[in-house]
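Each chain is listed here by its residues.
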Amino acid sequence: MQFEDIIAKLREVCGEEVIVDVNEEASPKMITIKPENLLQVSETLYKNESLFFDMLSCITGVDNGPEANTMEVVYNFYSIPFEHALMLKVILPRENPVVSSLVSIWKTADWHERETYDLLGIHFGGHPDLRRLLMPADWEGHPLRKDYKNLEYYRGIKVEY
Amino acid sequence: MGNQVQYQYKDDNLLKSEPNKYQQGDLKSEEMIVNLGPQHPSTHGVLRMEVVTDGEIIKDVVPHLGYLHRCFEKHAESLPYNQTIPFVDRLDYLTAMNSEHAWAMGVEKMLGITDKIPKRVEYIRVLVAELNRMASHFVAIGTYAMDIGAFTPFLWMMRDREHIIRLLEWASGARMLYNYVWVGGVFYDLPVGFEERCKQFVDYFRPKLEELKRLIIDNKIFVERTANVGVLPLDLAINYGVTGPMLRGSGLRYDLRKVDAYSVYPEIDFDIPVGEGLMGTKGDCWDRTYVRVLEVKESLKIIEQCVEKLTGEHKRTPDFDPHALVPKKIRPKAQEIYTRAENPKGELGFYFRADGKTDVPFRCKSRSCCFVNLSIISELSKGSLIADFIAILGSIDIVLGEVDR
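Here the protein sequences come in this chain order: W and R.
For the first sequence, counting from 1, position 33 maps to 32 in numbering that gives the first Met the number 0; every step adds exactly one.
For the second sequence, counting from 1, position 338 maps to 337 in numbering that gives the first Met the number 0; every step adds exactly one.
It is worth saying that the hints were derived from the structure and are not from the lab.
Quantities reported herein were computed from a predicted structural model and do not represent experimental measurements.
Among the hints, a few may not be true.
As the list claims (entries may be wrong) - Residues of chain R clear of chain W, computed beta-carbon distances all greater than 10 Å: (1) 65; (2) 79; (3) 188; (4) 193; (5) 217; (6) 267; (7) 357.
Unchecked claim - To spell it out: a stretch of chain W is covered by chain R in this simulated footprint if at least three of its residues, at any positions, have a beta carbon under 8 Å from a beta carbon of chain R; those stretches are: (8) 1 to 13; (9) 37 to 43; (10) 46 to 55; (11) 89 to 97; (12) 136 to 147.
Unchecked claim - Here are the simulated lysine-lysine pairs, BS3-like style, with alpha carbons at most 30 Å apart: (13) W:88 <-> R:332; (14) R:356 <-> R:115; (15) R:332 <-> R:115; (16) W:145 <-> R:327; (17) R:20 <-> W:157; (18) W:145 <-> R:73; (19) R:381 <-> R:27; (20) R:281 <-> R:257; (21) R:27 <-> R:115; (22) R:108 <-> W:88; (23) R:108 <-> W:28; (24) W:106 <-> R:20; (25) R:257 <-> R:212.
Idealized CB from N, CA, C, for every residue including glycine.
This is chain R alone, in the form it adopts within the complex (with noise of 0.2 Å):
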C-alpha cells in the first residue's frame, strides 16, 4: 500500500459529476438554473438541489442525492445483526437512541423475545430515547430559526442540547454515536445518580421552554417570515408518505407511539401535538416548528414518568442484569418482517429478510423518515419565492445520513 497512486490524472475524470436533468434548451426564456449546495447551511450534510426559477419564483426543483451514500443496507448484509447497530447509530446522528432502538425492538421482534425484555430495561429505552428526541429537536429548532436568520436561538438550543448530550455520554461513553441499546437489552445499566440529574433537567428546563416560546415561535418577525409559508395540505402529505412532525403539523394526530404502542409508550401518559394552524394556515413552516416546541413539552412529560418509574416500582438492585436476555448468537428463523418505530423525524421502518441459514439478514432495507419526508420538497416548493425555499427546505428538517444512507 504506502504510496500507492489512488487517482491518476486524466483530463476526462475532471466531467461534471452529476448532469443536470434540466439542460439550457429545456428553459423558456427569463427562466434560470440556480444551484443550492452541495453544501449549504440549511442542509446537514451534503444535498445539491437543482432550482430553476423564473425571476424569483420557483418552477420547480430537482434534488441530486447520494453525495454521502455510505452504504447501510449493503453492510447490514454483510454483518451479524448486533455488529449492524453502530451502522444504524450513523444514519441519523442526531437520533442515534431511536434508531438503535427501532433496530433492536426489530431484531427482538423476529427472535419473538419482545415480551421477555426486563421492564426496566424498557424504561430506561424509553428514558434515552426521549431525551435523544429532545435533543434532535432542539437542533432542529435552533438551526432552522437560524435559517430564517436569528442566531441567539440556535446559541440556546445548543446550550440546552450540551445537558442531554453529557447525561446521554455519562449513560454510554459516546456524545453522538451511542451502541447503548442492544438487542435484548442495554449496554450497561444507567449510572448511579443518573435520574436525579435527569429530573434536575427537566426542573432546569421547564422554564427555559417559555422563554423559547417567546424567543421565537411568538416572535413577530419569525411568524411573519413563516406563516403561510409551504403549506403541506393533509391528503398531500399521506399520499407522499410524509410522517412525523411534518404530517402531525399537517393537522394529522398519527405517531406510532400511540399507533403501534410500542415498548413500554401504552404506560406513559402524553398528548400527541398537531398543528392548528393558529398564525396562518393549517400545515405551513410555522405549523412544524410550533409541533416540534410541543414534542419538546411531552418528552419531558415521559421522562418524569420514566424516572419515577426507575426509581420506584423498577428502581436498581444489586442482581440487576441488562445483559440478562442478550442472545449469545442471534440467528432468527426464516421470516419476513416490516417494523416500525416513531423517530423524532418520523417513521422509521426496516425490512427484514431471514433465510434461517446464517447469522446475517438476507435482505435489509431501512425506509428512512428524512428519505421519504425530502422527496415532497419539490412540490411543496413550487411557485413560492426563492427566499422562502429556504425556510421550506429547513422545516423539513433532513440529515442527510439518513436521506443517502
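Isolated chain W, as found in the complex (with noise of 0.2 Å):
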C-alpha cells in the first residue's frame, strides 16, 4: 500500500480534516494529525484490515524550545505483513503538553511512553502506570528539555562534575 492510499483510508474512515499536514521528505513518510485525533487513528491503523500496522517501533518526544513554544510526540509505525510504515505527529502546547496514551493498542508503548514522560515531561492520558523511568523518582525536571538545567546538589552528591 503506498503513502496515498493511506491517507485516503485514514481520510476516508476518520474524516477528511483528520490530517494537518503531510511531509514527503521525511524516511518513512509523515503525517500530522491534531492530539485529540491521536487515539481513534491509532485504532484506525492498527484494527483497518487493509492497513493493519501491527508493530509500534519507536516513540520519541521533541521539545522545540521556548522560542517555539511547542512540544511533539513522533510514532514510528510498521506493518510486518504488508511491510509499510509510516511516522506520525502530534504537536503539543509546551506548558501542558497532555496527549492520549497508545497502552491499550500496543503493549510497547508502556515504556516508551514512560521514558518520553522521564526525559521530556509530556503527560500521556489514561497510560496505567506513569512513573519515572530511567531517572531516580525524586529527580526534578525533564533533561532532554532544551532550555533544562542541571540540579546543584542530588541528595547531597554534586551534580556537575
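Using the hints, put the two chains back together into the complex; each one sits in its own frame.
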C-alpha cells in the first residue's frame, strides 16, 4: 500500500480534516494530526485490515524550545505483513503537553511513553502506570528539555563534575 | 578542584534509592517481595527486579532501570554526528560494530550518499558486523548456559570469542569499542592477510559448532531446563515490539537484513532461522537459544561470501582509499528520518531531526532492541516458578548499557 492510499484510507474512516499536514520529505513519509484525534487514528491504523500497522517501533518526544513553545510526539509504525511504514506526529503546547496513551493498543507503548514522560515531561492520558523510568523517582526536571538546567545538588551529591 | 568535597553526609542522604512499586499493604498474605539485583550474574549490567512471589510462583515483576543511565541522547544532541560514534559503541558494548553500522547508515541516508559508498567498504562493514554478531551470540549462549547452571559452555564460547575479538582488534586497534565504521567509509582498510585469517577461523569453527550443539542444545538437562519455559506467543511478541532472535524464536521469519535489504545483504545468500518448537512449545527459551546457534551458522556463511568478494571481485588495490567519501563536515539538510538495522539482539533504530543550520542533531532518539525486548519480562514471567525466572531473563539476552542508554 502506497503512502497516498494510507492517507486516503485514513481520511475515509476518520474524516476529511483529520490530517493537518503531510510531509513527503521525511523517511518514512510523515503525517501530522491533531492530538485529540490520536487514539481514533491509531485504532484505525491497527484495526483496519488494509492498513494493519501491527508494530509500533518507536515513540520519540521532541522539545522545540521556549521560542517555538511547542512539543512534539513522533510515532513510527510498521506493518509486518504489508511491509509499509508510517511516521505520525502530534504537536502539543509546551505549557501543558498532554496526549492520549496508546498502551491499550500496543503494549510496547508502555515503556516508550514512560521514558518520554521521564525525559521530556509529556503526559500520556490513560497510561496505567506513568512513573519515571530512567531517572530516579525524586529527580526534579526533565533532562531532554532544551532549557533544562542541571540541579546543583542531588541528595547532597554534586551533580556538575 | 583537588580535594573539593563531592558528597556531604546528611542523615536523609542515605534514604533507600528507588521506592518499590509494591508496599507492604498491597501484598496479600503469603505474598513476599524478593529483590533480584541490582547486581546479578544473569543481567549484563545493573538492574533491579522487584519480584512479588506467592510461595515459588511469581505474581508480578517490576523492573527498576536507570542505574547505568549514561545520557546517550543528551550527548548525541551536543556533539557532531561523527563524534558520537564512540558513544554508539558503548550502547551495547558486545555489538559495537553493528551499532556503528546502523548509525553510519542513518547519517549517510540523511546526507544522501548511501548509493555512493564503495562496494569494498560495504563488504568490509558486513564482514566485521557479522563477526561481531557471532561474538555477541557466543556471549549470549555461553552466559545463558551459565545462568542455567553449566559452566563448560561458557569457557568454550569465551575461548572462541577470543579469536573474533583478536581479529577485530587487528583491524581496528581496540578489543571491544572499535570506532571503526565511519560515516562514508571505514577507519582503515583491512590489514593484509585479514581475509585469510577469517577463512581460517571459519574452518576452525565449523566443527566446533557441531560440538557446541551436542554440548548444550541437545543436552537433556538443558532441554529439561528450558523447553516449555517462558513461552512467548507470536501475537504478544509483536504487540510488545519484540524483535531479533526473540521474535524469530516465536516463529516469525522477520529479519531486517532481508526485509529492508540494506548494505550488500541482498547480494549475499543466507537463510533466516526460526524457532519451530522442536523440544517443546514454539517460542520457549530453548527455541530462542536454538535460533542464536543457527544464526551463528548463517553468519559463517556470510563471512565466507564476504571474504570471497574481498579477495576476488573487490580485492584491495594500492589506490583504494576507504576515506574517499568521509565528509569533512557533516551538515545534513533539515529533515526527519527514522532509520533502522538488524543488530544481533533486534532492531536498532535511530530517529534523527536535523535543523540544517548546525552540525549536531536537533533531536536524536535511539530505539534500542534490549530496552524493548526487556519490557516484556513482566508479562513473560507471571505465573512461572522463581527458579525459571533466571532462565527467562537470560534468554532475553540483554545488555543494560543499551537498556539504560
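Taking the hints in turn, this is what the structure says about them:
Non-interface call for residue 65 of chain R relative to chain W: violated, since the shortest CB-CB distance, roughly 4 Å, does not exceed 10 Å. At roughly 18 Å from the closest C-beta of chain W, the C-beta of residue 79 of chain R stays outside 10 Å, upholding its exclusion from the interface. The Cβ of residue 188 of chain R lies farther than 10 Å from every Cβ of chain W, with a closest approach of about 31 Å, so its non-interface assignment holds. For residue 193 of chain R, the requirement that its beta carbon stay farther than 10 Å from each beta carbon of chain W is met, with the minimum near 34 Å.
With a minimum CB-CB distance of about 32 Å to chain W, residue 217 of chain R clears the 10 Å threshold, and the non-interface call stands. No beta-carbon of chain W is positioned within 10 Å of the beta-carbon of residue 267 of chain R; the least distance is around 20 Å. Distance check for residue 357 of chain R against chain W: the nearest CB is about 13 Å away, which clears 10 Å, and the non-interface claim stands. Check on the segment 1 to 13 of chain W: 0 of its residues sit with their Cβ under 8 Å from a Cβ of chain R, so the three-residue criterion for coverage is violated.
Note: the segment 37 to 43 of chain W has 0 residues with beta-carbon separation from chain R under 8 Å; the three-residue rule is not met and the coverage is violated. Restraint check on the segment 46 to 55 of chain W versus chain R: 3 residues with Cβ-Cβ distances below 8 Å, three needed, restraint holds. With 0 residues carrying a beta carbon less than 8 Å from a beta carbon of chain R, the segment 89 to 97 of chain W misses the three-residue requirement, and the given coverage is violated. Closer than 8 Å: that is the beta-carbon criterion, and the segment 136 to 147 of chain W has 3 residues meeting it against chain R, so the requirement of 3 holds.
The hinted pair formed by residue 88 of chain W and residue 332 of chain R meets the criterion: a straight-line CA distance of about 20 Å does not exceed 30 Å. Between the alpha carbons of residue 356 of chain R and residue 115 of chain R the distance comes to roughly 24 Å, so the proposed pair stays at or under 30 Å and holds. Pair hint residue 332 of chain R plus residue 115 of chain R holds up; C-alpha atoms about 18 Å apart against a cutoff of 30 Å. For the hint pairing residue 145 of chain W with residue 327 of chain R, the CA-to-CA distance comes to about 28 Å; that is within 30 Å, so the pair holds.
Taking the CA atoms of residue 20 of chain R and residue 157 of chain W, the gap is about 28 Å. The hint holds against a cut of 30 Å. Among the hinted pairs, residue 145 of chain W with residue 73 of chain R is consistent with the structure: their alpha-carbon atoms are about 10 Å apart, no more than 30 Å. Using a Cα cut-off of 30 Å, the hinted pair residue 381 of chain R and residue 27 of chain R holds, with the two alpha carbons roughly 16 Å apart. Simply put, residue 281 of chain R and residue 257 of chain R have alpha-carbon atoms about 22 Å apart, close enough for the 30 Å limit, and the pair holds.
Distance check on the hinted pair: residue 27 of chain R and residue 115 of chain R sit about 64 Å apart at the alpha-carbon level, beyond 30 Å; violated. At most 30 Å may separate the alpha-carbon atoms for a hinted pair to count; residue 108 of chain R and residue 88 of chain W meet this at roughly 21 Å. The hinted pair formed by residue 108 of chain R and residue 28 of chain W meets the criterion: a straight-line CA distance of about 14 Å does not exceed 30 Å. Between residue 106 of chain W and residue 20 of chain R, the direct Cα distance comes to roughly 19 Å. Compliance with the 30 Å bound is thereby established for this hinted pair.
Of the pairs offered as hints, the one joining residue 257 of chain R and residue 212 of chain R holds, with about 26 Å between alpha carbons and a cut-off of 30 Å not exceeded.
In summary, the structure is inconsistent with hints 1, 8, 9, 11 and 21 from the numbered list given earlier, while agreeing with the others.
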